[in-house]
Structures are given as structure tokens and as C-alpha cells.
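Chains A and B supply the protein sequences, listed in that same order. For the first sequence, position 70 (counting from the first letter as 1) is numbered 70 according to our numbering, and the numbering increases by one without interruption. For the second sequence, position 163 (counting from the first letter as 1) is numbered 163 according to our numbering, and the numbering increases by one without interruption.
The hints are simulated quantities; they were obtained by calculation from the structure and are not laboratory data. We treat Cβ as the ideally placed atom computed from N, Cα and C, and that holds for glycine. One should not assume that every hint holds.
As the list claims (entries may be wrong) - Calculated from the model, a selection of chain B residues having no Cβ within reach of chain A, i.e. all distances over 12 Å: (1) I124; (2) E145; (3) A149; (4) P340.
Unchecked claim - Under the rule of at most 30 Å between Cα atoms (straight-line distance), these lysine-lysine pairs were calculated in the DSSO-like manner: (5) B:K295 with A:K295; (6) B:K93 with A:K58; (7) B:K93 with B:K34; (8) A:K34 with A:K295; (9) B:K295 with A:K401; (10) A:K295 with A:K247; (11) B:K295 with A:K93; (12) B:K401 with B:K34; (13) A:K93 with A:K58; (14) B:K295 with B:K247; (15) A:K295 with B:K93.
2 protein chains.
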Amino acid sequence: MATDISPLAPETYPTLPAIPGVRLATAAAGIRYKGRTDVLFVGLDEGTSVAGVFTRSKCPSAPVDWCRANLAGGVARALLVNSGNANAFTGAKGADAVALSARIAAQAAGCARHEVFVASTGVIGEPLDATKFEPVLPDCVSRAEGGSAAWEAAARAIMTTDTFPKLATRTVDLDGVPMTINGIAKGAGMIQPDMATMLSFVFTDASIAAPVLQALLAAAAERSFNCVTVDGDTSTSDTLIAFATGKAAMAPIETADDPRAAAFGAALEDLLVELAQLVARDGEGARKLVTVRVKGAVDDGSARRIAFAIANSPLVKTAIAGEDANWGRVVMAVGKAGEPADRDRLAIAFGDVRVAHQGARDPDYSEDAASAVMRRPEIDLTVDIGLGTGEARVWTCDLTKAYVEINGDYRS
Amino acid sequence: MATDISPLAPETYPTLPAIPGVRLATAAAGIRYKGRTDVLFVGLDEGTSVAGVFTRSKCPSAPVDWCRANLAGGVARALLVNSGNANAFTGAKGADAVALSARIAAQAAGCARHEVFVASTGVIGEPLDATKFEPVLPDCVSRAEGGSAAWEAAARAIMTTDTFPKLATRTVDLDGVPMTINGIAKGAGMIQPDMATMLSFVFTDASIAAPVLQALLAAAAERSFNCVTVDGDTSTSDTLIAFATGKAAMAPIETADDPRAAAFGAALEDLLVELAQLVARDGEGARKLVTVRVKGAVDDGSARRIAFAIANSPLVKTAIAGEDANWGRVVMAVGKAGEPADRDRLAIAFGDVRVAHQGARDPDYSEDAASAVMRRPEIDLTVDIGLGTGEARVWTCDLTKAYVEINGDYRS
């Protein structure tokens, strides 16, 4: 497991304000790690609405099954997250462990089991011993509070191979009333669209009916977490849940066509984009944050598929790791996407240096200028397909030896 | 560029017999490399039929365009291959370079330009100076011969990042007449289905009409080269061409329902499987040859897509590099394939050690036994989806730090 903080990490972490109706506490339950917290409990006031977006894996984890089933109720009173064990591919035992976890949390929080949302991240295939929650949860409930230290502690408790905690906050003015949205996330590998982050939780004091919150969350996820890829692999556990306590002094947003819904959705998307980029910055072994922009495709969907073909190409990602403006590999990746493309219309730029256009190397291309771009920690790669107006933008990172080391275990 | 021979290379290379009507010569034209051959010329007797299968990239190289166009004629008199420069994404200059190459080769060989097939492999995006063929080709034509040393020299001249030459031979008895099929291949990275090897050329003295040869070649490629992946990346230049000189004493095979066609096709497939496995054995940085077998899928196509999702997963491939029987990552890869799968019916085995079944770790699973399997240089990974009778088998290799090193350039 990596111990050095990613060189792409932000220099400071934001200070998250308290959100009325949200109280957090963490604990060290010894799920797997020693000497660190591995449990996050969040208590939510009565009247909290909930929405969620989950992995599209055909083999989801037991906690994902649980959350999906309980989302229908639209209300939440508690969130229980553990790191160290994903409770995925654990068969009937996995479902039992989730049910027991929810029972323990419900008892401690004084709510119904179906009002408890759970998420687990870590090793796949090992049974989760849910009894480990029993001794720590009552204390979590009594200690839980909403200060900024609690938010950072929460972001740290859910980390696995992450090298830094991921937090973001926004305020949005709805009819003159300021609302807060706080978010935390974890995720560093096994990161591919559908959902990018493994786990992310968003909290707001706005009052939003669950169906509206669900629609806003799904749309914002599509343009944020679902635009990040580290290695093209999709977790069984990817979970994004939003909780709205409704404690702010505002009339509830009951319908999607309420103009305040768009304002809230824009702030939510902005927050999720920041969290998604933090995930790419913490990609396992990452040394460069890469923004792949595709324009001129026949439509946006085609642009997106081409962008992911580039962002997931091991040959493109190793070239970037080597600070090599290897646009030939970008052409290769465009070609393998299977989308409409005309070799002789492609233009490719690294940063502001156009290295290829009209099917050949740009005659004015300066290798020195391109090399200077490639040495930067953040690189924009722009491909113009030259056929239409379709656009997409995805984030990824380079593929380094450290990625192989982190994931290779090398037991020898 | 790698200099050590892959640990998965065969201990000896086969001795290829002469094939009547086929003469080979190599030369050092200084295309890019110094101190090694980089040109292969093959002269073919009149009456040689030809068939080809090419990359499905939407951005194919100029030589691929040329070969596709000339395949319609069904006849070939010469093959010209160079390494060091792929003549891909070279715009109008690329097409000009191919036309000039064919003109030079046709003049030297005394045939029509459209009877010349060309292939190039190496750097993408750099103009190919075809005039470099001019001084070497007449000499190649006069030196060309069919002995076993010429075959090995041919396989070496087309290498790029390959660490060993790839050759195979088969004999097939057609109505009591023994026929020979020789094949050479190159390819080590940028290897994904559609087509796996970057370049492969097959020669036989059998007499087979071009349309029959085309059908047999396409079917055999589907079950051999198109079942190999190293990194999921697809070259712009992938080319497989078969030449049948018809010099053997046999009545021509004119139709696909000729029983001799099936016999020839089986031998051809067997040959291509050997070449395809050699490509996987030479995967950039590879230390393990991995055979992924999927059974119990809803149909063969579904099994194939699941098998490729596993074989292309960086997390599965790095685990294998680390000799870690990490079946949780295999579950992840099954889940991300998007194909019908039921978590609670999956069974997974490394070699003969079943590590998981019915949605959980196999209670009888021995970590020691699994570790012993993982230490081997060749690993079978079998996944039973448990839903139907669909099957597939693909070959890949592990993902090591050496892959990143070879492709990362690390100019800094």
C-alpha cells in the first residue's frame, strides 16, 4: 500500500462547515487495518431525503444491493461506512453481514433498519465480521458532531489505497437563502466510468424531495464521476449517495422544474467535478493529471467513447508517464474506438502545442515546446476529429511503474 | 527497447522447410535501425493466390489501404515488408510512399505493381523514405531463396520490440499429397483482438482459389490471433496475409465445400494458434503466459466478451504479475463486462485450484496450492459463469513494471 502522498494532491484541504442535521464520528474497529480509523458513522436528522447512484457492475457488492433496495423509501437517518473490507462476492454471508450492520446502526441511532445506508470498501471476497461494529457504534452516536475536524476525519476513515483525504464544499444561494453542500470521496484504483469513485457521500441542508434529488444527482454524476478513469476497471462497490436534511429555512423543492433545482444541480455538479478530479489526482501511482478533450466527433456519445479509448489506452498512458508527446499512440487509440473518424482530418494537441493536423505531423510543431508541456504535472490532450460538433471531456492519469507496484503485490 | 529475450520464449526455433514457389531475402536498408536487417522481400511464382485479414482500426496505415485494395485481384507475385517505420498517419505522403515502394518492388521482381503486397511496422507518424528500398531490392531478388536460414532471417527482419523471432510450420495431407504451411509473425505490444499480431505472413504450396483461401484465413484468424490481447490496444497496421503458390501436385481447391478445404483450414488454424501464442509469450514485459477460459456464459459471444474483460483488466494482470491468486479482481472484471452473470453462481479456478464457487471463497481452497500455481510461467485462469453453455478462450500475459518501462520511454 502506498504511503507517499500523491504529488498531484492539493496543498491544503478545504475546511468544511457544519451542516444542520448532520453529525459525524469515526472509530477504529479493527476491520483490517491497525492503528487507524476504519468506520464512519453519520447521523441524520428526521426528514432527511436520500438519493443514490451505484456501480453498473453485474456483480455488485452486498452493500450496494442493500442501498438500492432501501432507496425506494427516500428517507435516511444514518450512514455507516467501513474501509478494509468491501463485503463483495461474499455470498449469502455478505447479505447477512449487511443486515446485521444495519441492525446495529439502527439500534445505536434509534431509527429503522431501512433508514440506514451502508457502504464498504477494501478487500473483495473476504467475509465481513459485522459484529465489530457493535462495540464502537453507540460511542460514535454519542460523539458525533458536525465541525470541520469531523469532516476531515470522515474523509480519512474511508480511505484505502488513497494517499490523501478528498473533501469539497460549495454554497448555493436559493431565493436569498444560502445552502451548503459538503462532499467527501475515496477512490484511487479500479476507477472507470460507471461510477468513477468507489465511494462518495454528499450532504446538504437544502430541502429537496427525494425524486428531484435523485434526478439531479444522476445528471451531475454523469458529468463528473462518470468522466474519470484510472485503469478502466469498475468496482463492484461504487457508491454515490446524497443526503438532504431540509434544515435550511426554505420551501422544499418538490419538482424538477422548480428553478431552484437547476441552481442546486449546478452547484452539486461543480462539487462532484472537484471530487472526481481529486480521485484522478490520486490514481494509483499517478504523477500526471490528464484532461482528455475530444471535439469534432459526430455526436457527444461518440466523442465520449473516443475520449475513453484514449484515456484507457495503456500505450497512451505510459507515453505520458514518460513525458513523451507520442501522438501516434493517440491516433491508434482513436482508431480502436470504432467510432467514425477520418485519419486525414484528425488534429491533436498537447497543451497549446498542435502536434498533428490533417493526417500528418504538424509542420510547425516544435518538439521543445511539446516537451515543455509534457513535463507539467497537469496535461491537456485535445483531439479534433474534424467530422462534426460532438464533444466530451474525461480525466485520467498516467500509467507508471508505481501503479504496477501498488497492484502487483509482488509476493515472490 | 527490450534487449533481453522473453523468459516465455521457446527454447529453440523450428526449422522451416522450403516451399516451392517462395523465395525470401532480407536487407539492411537503414530505415531506422542500425546494424540490423529491416527489409524482407518475398518473391512468389506466377499463379500464387492471396488472402488477407487486416486491422479493424478506423485509422489504418497506408500499407493496409494498399493491400486491401489489391486483394480483389486475388494474385500476388511479391511481398515487401519493412520494420522501423509503420508509414501510418502519414497523410498523402504515406500513400505516395506505398505506391513508390510497390513500383520499386515490381520493377525488381518483374511483375505488376498491384501484384506487390506491402507491410510496414514501427514508428507511427514519421514519413517513410521509400527510396531506401531502391538500392537493396534488385539484390534481394537475385539472392532470394527458400532454405530454413532464409525463413528465420525473414522472421528477424520484421521484428520491432519483439525479443525473439516467431516461426511455425505444419504439414497437411491432402488426398495423399503432403502440403507445407509456413508462417512468420511479429508483434509484442499494441496487441488486441481485431487483429492480434501486428504482422503475420503465411505461405503454402497448396493450390487454393483466392476466395476459398480468404474464407479459411478469416475463420482461422478469428480463433487464433483474434483471441490474443497484450494491452487492449489495436494497431493501425495489423496485417495477416496468406499466399498459396499452387506448386504442389494437386487439383486446385476451388470451392469451400471441398473436403480438402476443411483439412487445410484445420492445419492453418493450428499454425496460427501457435503464432498467436508466440505473440502473447513476447508481450512487452511479459513474465507469464495466461490462458483465460470462460465457460457457462449465455453464449459464446458473451463468453468472449467476459474473457477479454478479464484479460484486459490492469488489476487482474498486475495481480498475476505479483503471483497473487486475486480472484476478487476476476469477479470485478466479470462484473464490468456488462454480460449476463450471477455473482452467486460464479466459480473461479487458477490452474486446477478452485478458489471460489457459488459466490464466495471455496471453503476447501488452499492458499499454498494456489500460490504454487501462480509461481508457474504459464497460468490457466478458468471462470464458470454458471448460466449456460457459452465458451471462449483467450491468451494474454501479465502486466509488469517492464511493460511500463518499455513503453514509457522515460526521457526525462
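| query | Which of the stated hints cannot be reconciled with the structure, identified by number in ascending sequence? | reply | Hint check: 1, 4, 5, 6, 8, 9, 10 and 14 fail, others pass.
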